[in-house]
Amino acid sequence: METEEQQRSQPIGSESVDFRLEVQMRLQYLTSVRRTVGELAAVVVRDGDLASRLALATHELLENALKYALDTSAPVTLKLWIESSHSASVTVSNVSNQSLYLPLAQYLQTLSKASDPDAMYLQLLETAMHRVSGSGLGLARIVAEAEMKLSCDLCGDMLSVRAEAHLGDRP
Amino acid sequence: MIIKELTIQRDAFSVLGTRPAPNRLSIALEGSADMRVQSEFATMIYKIHDEARRNHVSMVTVNMQKLEFLSSGCFKGLCTWVRLLLERGTPYKLCIVSNPSYHWQSRSLQALRLLAPEHVTIEKP
Numbered sequence: 004m005e006t007e008e009q010q011r012s013q014p015i016g017s018e019s020v021d022f023r024l025e026v027q028m029r030l031q032y033l034t035s036v037r038r039t040v041g042e043l044a045a046v047v048v049r050d051g052d053l054a055s056r057l058a059l060a061t062h063e064l065l066e067n068a069l070k071y072a073l074d075t076s077a078p079v080t081l082k083l084w085i086e087s088s089h090s091a092s093v094t095v096s097n098v099s100n101q102s103l104y105l106p107l108a109q110y111l112q113t114l115s116k117a118s119d120p121d122a123m124y125l126q127l128l129e130t131a132m133h134r135v136s137g138s139g140l141g142l143a144r145i146v147a148e149a150e151m152k153l154s155c156d157l158c159g160d161m162l163s164v165r166a167e168a169h170l171g172d173r174p
Numbered sequence: 022m023i024i025k026e027l028t029i030q031r032d033a034f035s036v037l038g039t040r041p042a043p044n045r046l047s048i049a050l051e052g053s054a055d056m057r058v059q060s061e062f063a064t065m066i067y068k069i070h071d072e073a074r075r076n077h078v079s080m081v082t083v084n085m086q087k088l089e090f091l092s093s094g095c096f097k098g099l100c101t102w103v104r105l106l107l108e109r110g111t112p113y114k115l116c117i118v119s120n121p122s123y124h125w126q127s128r129s130l131q132a133l134r135l136l137a138p139e140h141v142t143i144e145k146p
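First to last, the sequence lines map onto chains C and L.
In the working numbering, each residue's number is its place in the first sequence (first place is 1) plus 3.
In the working numbering, each residue's number is its place in the second sequence (first place is 1) plus 21.
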């Protein structure tokens with residue numbers, strides 16, 4: 004049996020993955036979907052740490068899609084895209100509107116412009132310690148802990164939030 | 022000895038509180054903690070804190086070796102716990118036993134420790 008270290012030392016090769024899931028999302032599906040993404044990513048990228056980061060992003064984005072769903076009967080789309088040895092991303096799309104999109108886009112810009120993401124995250128954790136409701140940490144966690152870039156766009160009434168990691172950009 | 026009041030058993034997540042010694046509490050977390058248990062987990066943290074204070078506990082050990090995932094909402098519960106630790110008169114410290122094979126734990130717990138490095142330690146088995 005290969006150790007994780009041996010697996011990591013092997014080249015990723017030209018393998019790419021385009022995995023899509025469209026589902027009427029329920030809270031009880033979260034763990035299964037997160038595990039599926041993590042396991043699939045681990046097979047392709049042969050990097051347990053990166054697979055775990057993609058799984059974390061999947062969970063947080065899906066929780067947000069559920070939390071801010073305008074129509075709980077409308078399907079949520081999850082896309083896992085791994086492009087050979089270059090990048091990996093998770094995109095979650097759901098029905099939304101301009102008034103939810105604009106503050107989100109602004110928040111993502113604030114996160115991406117932080118000169119010291121770790122310091123910013125620590126500040127958010129300090130704020131979270133005193134918050135009565137909500138954590139305000141989900142997206143920041145993707146940036147600071149999973150070290151992924153976040154972006155979003157609204158096309159019609161479909162909001163897509165994307166978390167992307169460049170392979171090999173973490174020691 | 023199992024402490025019934027510090028125990029949660031749900032589909033995908035459980036908390037088991039025990040008292041291994043009179044001045045110690047041990048809390049084992051297992052499974053995946055997500056939005057479904059967020060509120061219950063937050064309440065449980067206050068219960069553990071109260072139990073620790075009432076019994077003059079010096080150390081609470083949180084075993085996360087079987088904790089597959091903790092969502093940000095539940096992670097916020099741990100941040101609240103750190104705030105309680107920093108309150109004047111809190112007599113105990115927190116020792117978290119992590120599982121390095123759950124990669125997310127190393128980043129999340131390191132960030133948590135930075136909130137109160139003198140009150141929180143992270144151990145790898």
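These are computed hints drawn from the structure, not numbers from a lab.
Here the structure is a predicted model, which means the values were calculated and not measured.
C-beta: ideal position from N, C-alpha, C; glycine also.
Some hints could be false.
Claimed, not checked - Coverage of chain L stretches by chain C, computed from C-beta distances (three or more under 8 Å per stretch; other residues unrestricted): (1) 35-44; (2) 68-82; (3) 127-138.
What the hints assert, rightly or not - Pair by pair, the computed Cβ-Cβ distance ranges are: (4) C:Leu30 to L:Lys145: 29 to 37 Å; (5) C:Gln112 to L:Thr64: 48 to 56 Å; (6) C:Gln101 to L:Thr28: 16 to 24 Å; (7) L:Arg75 to C:Gln112: 30 to 38 Å; (8) L:Asp71 to C:Leu170: 40 to 48 Å; (9) C:Glu86 to L:His77: 55 to 63 Å; (10) L:Ala42 to C:Leu157: 50 to 58 Å; (11) L:Glu26 to C:Gln31: 25 to 33 Å; (12) C:Asp21 to L:Gly110: 27 to 35 Å.
Does the structure break any of the earlier hints, and which numbers would those be?
1, 2, 5, 6, 7 and 12
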